[in-house]
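Engineer: Chain residues, written in single-letter form:
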Amino acid sequence: MPTSSSDIDRALVARIERRDADALASLYDRHGSRLNGLAYRILGDTGEAEEVIQEVFLYVWKAAATFDGLRGSVLAWLIVATRSRSIDRLRARRGSFRASLDQAPEAVSPEDLEADSAGREWESICRSAIKELPDDQRRALELAYFEGLTHQEIAQKTETPLGTVKTRIRLGLMKLRERIRPYLHRESDAS
Amino acid sequence: MPHSNRHEELVSLQVLSLLGPEEAGELDRHLEAGCRVCEDLSVELKQSAAALAASVPARRAPPRVREKILASLGPARPLERPAQAKPRSLLWVAAAAVLLAALLFDDWRLRREREDLSGRAADLASRIEKKDAELARRDLRARVLESEDVRLLFLGGKDPQPRARAKVFWSEKAKRGFVVAANLEPLPAGRQYQLWVFDKGKPVDAGVFDADEAGRALFESKDLSAIAAAENFAVTVEPQGGVPQPTGPIVLIGVS
Numbered sequence: 001m002p003t004s005s006s007d008i009d010r011a012l013v014a015r016i017e018r019r020d021a022d023a024l025a026s027l028y029d030r031h032g033s034r035l036n037g038l039a040y041r042i043l044g045d046t047g048e049a050e051e052v053i054q055e056v057f058l059y060v061w062k063a064a065a066t067f068d069g070l071r072g073s074v075l076a077w078l079i080v081a082t083r084s085r086s087i088d089r090l091r092a093r094r095g096s097f098r099a100s101l102d103q104a105p106e107a108v109s110p111e112d113l114e115a116d117s118a119g120r121e122w123e124s125i126c127r128s129a130i131k132e133l134p135d136d137q138r139r140a141l142e143l144a145y146f147e148g149l150t151h152q153e154i155a156q157k158t159e160t161p162l163g164t165v166k167t168r169i170r171l172g173l174m175k176l177r178e179r180i181r182p183y184l185h186r187e188s189d190a191s
Numbered sequence: 001m002p003h004s005n006r007h008e009e010l011v012s013l014q015v016l017s018l019l020g021p022e023e024a025g026e027l028d029r030h031l032e033a034g035c036r037v038c039e040d041l042s043v044e045l046k047q048s049a050a051a052l053a054a055s056v057p058a059r060r061a062p063p064r065v066r067e068k069i070l071a072s073l074g075p076a077r078p079l080e081r082p083a084q085a086k087p088r089s090l091l092w093v094a095a096a097a098v099l100l101a102a103l104l105f106d107d108w109r110l111r112r113e114r115e116d117l118s119g120r121a122a123d124l125a126s127r128i129e130k131k132d133a134e135l136a137r138r139d140l141r142a143r144v145l146e147s148e149d150v151r152l153l154f155l156g157g158k159d160p161q162p163r164a165r166a167k168v169f170w171s172e173k174a175k176r177g178f179v180v181a182a183n184l185e186p187l188p189a190g191r192q193y194q195l196w197v198f199d200k201g202k203p204v205d206a207g208v209f210d211a212d213e214a215g216r217a218l219f220e221s222k223d224l225s226a227i228a229a230a231e232n233f234a235v236t237v238e239p240q241g242g243v244p245q246p247t248g249p250i251v252l253i254g255v256s
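If you're matching them up, the sequences are chains A and B in order.
Residue numbers 1 to 191, in this note's numbering, belong to the letters of the first sequence in order.
Residue numbers 1 to 256, in this note's numbering, belong to the letters of the second sequence in order.
Hints are computed from structural coordinates only; laboratory data are not their basis.
Any given hint might turn out to be false.
[As the list claims (entries may be wrong)] Here's a subset of chain A near chain B, in silico, CB distances under 8 Å, partners left out:
1. Tyr28
2. Gly32
3. Trp61
4. Leu75
5. Ala76
6. Ile130
7. Leu141
8. Tyr145
9. Ile169
10. Leu176
11. Arg177
[As the list claims (entries may be wrong)] Listed next, the stretches of chain B that the computed footprint assigns to chain A, with coverage defined by at least 3 CB atoms under 8 Å from CB atoms of chain A:
12. 8-14
13. 37-49
14. 52-62
Since the model is a prediction, treat every value here as computed from it, not as a measurement.
Even glycine gets a Cβ: it sits at the ideal position worked out from N, Cα and C.
Make the full structure from the sequences, and use the hints.
Structural biologist: Here it is in structure tokens:
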């Protein structure tokens, strides 16, 4: 019987692989809000964000057998799937619309925050870790992660040499890793 | 190639999907060389990148989206795991199964071909036998027709078949003949036409025959070497296989 939150996720994916629709519904209930928040952060559009999470969960339904627990948690898998689909949409419409890092996030009502206390604690840790990064490293990471810019595009946008951008990305991720490493086990349980 | 900051940089870019083809190839070669540091780093940096996502406020995932997802679950088949992840033994089993299936199919195909050839050979043998019999009959007819003593007799129809007509080619030397008939009525089941040769005023069985759908018949008589001379001919309708003496009505009788 699954004992941790991460175990529960893996058990749900195993049931999805056996075509258990209830397990997919449970996974949606556990992570849909977080993924919807990420898709909305990247796309800035409620309808498109919902389309993305719909695509992601249908992908999970079809591709559950390809999930490899050795390569990361179920949540990390879902996040990668959500981000990549959101970035694809963003790049497709680039030119007519571009999400801005300076765009104020939409006010979130209390009922929108569905994460449990452990999840909210993990979010707080991540925000703190990101906030502690040097501005240039955090900006390089956010431009790449949320706007889907290539390192060349980041170099142009920030008027920074390409090599420096690569270094900032590497250092930023390495520092994030150091900041969150003590909590990774707890994150697995909280996810 | 030993692990370096360059490889950490490549892993960082990979985690954010920023690698170009050349850089991706460079990292692949390094990982294939067995760098555990980069393998572990890749997993950890993915978690670090996920921290970026976790920093974003959650937004309520609408129940209607959940319902749409569940409603659109078709009978989709699960994707197969990558081929290299399958145990080698399973691949051997699959290969052996394919080979066995191919051999069984080949065996079945050869058996069927052999049966087919046997059937065709039997059919050819039967056709040859029929042709031989037909050739023998034609040879006999030719000898009858070519014999110097051949006689041609005409048979006329009588009630109940007044339109029936026949010609008898008869050789006294061979004591055999054949009949060409027309306008014969179809007979009920269990009945055949029977030819009679009158020898010294008495009818002698010369064999039975059938007419085709058009009422025609080409019939060769029995060997009648026991008779002294053929005085006349008649055809009656008799039970299947014929009778020693005529019992049915005469439908054809010699008119000359």
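Engineer: Classify the hint on A/Leu176 as holds or violated, based on whether any CB of chain B lies nearer than 8 Å to its CB.
Structural biologist: holds, 4 Å
Engineer: How about the segment 8-14 of chain B: do at least three of its residues have a C-beta closer than 8 Å to a C-beta of chain A?
Structural biologist: holds (count 4)
Engineer: Taking the closest Cβ pair, is A/Leu141 under 8 Å from chain B?
Structural biologist: It holds, given that the least Cβ distance between A/Leu141 and chain B is near 6 Å, below 8 Å.
Engineer: Given A/Leu75 as an interface hint, is its Cβ closer than 8 Å to any Cβ of chain B?
Structural biologist: Status holds, d = 7 Å.
Engineer: Given a cut of 8 Å on the nearest C-beta pair, is the interface hint for A/Tyr145 held or broken against chain B?
Structural biologist: holds, 5 Å
Engineer: Under 8 Å, Cβ to Cβ, is where A/Arg177 needs to be relative to chain B, so tell me if that hint holds or is violated.
Structural biologist: Since chain B brings a Cβ to about 4 Å from A/Arg177, closer than 8 Å, the hint holds.
Engineer: Double-check A/Ile130 for me: the hint is only fine if its C-beta lies closer than 8 Å to a C-beta in chain B.
Structural biologist: Because about 5 Å separates A/Ile130 from the closest Cβ in chain B, which is inside the 8 Å limit, the hint holds.
Engineer: Take the shortest C-beta to C-beta distance between A/Trp61 and chain B; is it under 8 Å?
Structural biologist: Hint on A/Trp61: holds, closest Cβ of chain B at ~6 Å, below 8 Å.
Engineer: Quick check: do three or more residues in the segment 37-49 of chain B have a beta carbon closer than 8 Å to a beta carbon of chain A?
Structural biologist: Holds, because 7 residues of the segment 37-49 of chain B bring their Cβ atoms closer than 8 Å to Cβ atoms of chain A.
Engineer: Given A/Tyr28 as an interface hint, is its Cβ closer than 8 Å to any Cβ of chain B?
Structural biologist: holds, 5 Å
Engineer: Take the shortest C-beta to C-beta distance between A/Gly32 and chain B; is it under 8 Å?
Structural biologist: holds, 3 Å
Engineer: Tell me whether the statement that chain A covers the segment 52-62 of chain B is true, taking a Cβ distance below 8 Å and needing three residues at minimum.
Structural biologist: holds (count 11)
Hint violations for this structure: none, all hints satisfied.
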